[in-house]
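Turn these sequences into a full structure, and let the hints guide you.
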Amino acid sequence: MENPKILVGAPIHEVKAYCYKDYCDILKKLTYKNYDILLADNSPTDNFMNLIKKEGIPVIKGPYFEGAMDRIVASRNLIVEHLLNNDYDYFFSLEADVIPPIDAIERLLAHKKEIVSGLYFNFQILREGRKPAPMAWFNPTNNEKEMYYLPDEISLGPQKLIKLFACGLGCVLIHKNVLKNIRFRHKYPEHSGFDDVWFCKDAREQGYEIYLDNSIKCEHITIPGGKWIGLKK
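If you count by the working numbering, then the sequence shown holds residues 243 to 475, one letter each, in order.
Honestly, I wouldn't trust all of these hints.
Said to hold, decoys possible - If you anchor each label on the Cβ, the simulated ranges turn out as follows:
1) Asp394 with Ile463: 29 to 39 Å
2) Pro246 with Ser457: 36 to 46 Å
3) Lys402 with Glu308: 37 to 47 Å
4) Lys247 with Lys405: 25 to 35 Å
5) Leu326 with Lys275: 14 to 24 Å
6) Asp264 with Tyr306: 36 to 46 Å
7) Lys387 with Asp288: 39 to 49 Å
Calculated directly from the structure, the hints in this document are not laboratory data.
Beta carbons are placed, not taken as given, at the ideal position from N, Cα and C, and that holds for glycine.
Laid out in structure tokens, this is it:
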């Protein structure tokens, strides 16, 4: 397929108001020629959604729940429903605080993989302080419960396509065939994994492979203390 039809989107919430201008700008600057945008706002009011609309970005209202993970999963699945009902070929999940290179879609598509991520970092909280950690994990054993951040010498090493155990959902291209069989979910508080971990687990169990292109380096606009500060998971 020469120019697959891409849906770019993510859940959004007013907690990300500090970077919404940067996010809206990159959504409009992506250089791929065949993409649409759909965001799903799960803020308690319509105020943030109306700000996004003023930027000319398509946005729908997702359900509001007290728990942030419930909101995120419900909103992400609304976007997936739209994708499957409107003949898109891929979902480019681009979260509201992640700024990729403007040609990220083309570069991810070039690999012809069903799940392929760009590289971005969050903070790992350690005794000695916060350390950047890639949202990309590997598993050196056959134990499904063991996963580790990809080492710096790999994530920041020679540019290449790397097979992963799991990736975040901040900058990842997912083929529609994956989403026909998998919905986003979580099991908090029984299990601590976010919906990205569960999505990757479900994908692996259905035989899909997960990849990282470590040449696609994204900016992650985090806030002091981490994105969950003051929020109920």
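Hint by hint, here is what the structure shows:
1. The hint said 29 to 39 Å for the Cβ distance between Asp394 and Ile463, and at roughly 21 Å that hint is violated.
2. The beta-carbon spacing between Pro246 and Ser457, approximately 20 Å, falls outside the hinted interval of 36 to 46 Å.
3. Taking the beta carbon of each, Lys402 and Glu308 are about 43 Å apart, inside 37 to 47 Å as hinted.
4. The supplied range of 25 to 35 Å is met by Lys247 and Lys405, whose beta-carbon atoms lie about 27 Å from each other.
5. Under the hint 14 to 24 Å, the C-beta atoms of Leu326 and Lys275, about 22 Å apart, fit the expected range.
6. Separation of Asp264 from Tyr306 is about 24 Å and departs from the stated range, judged on CB atoms against 36 to 46 Å.
7. At about 41 Å, the beta-carbon gap between Lys387 and Asp288 stays in the expected band of 39 to 49 Å.
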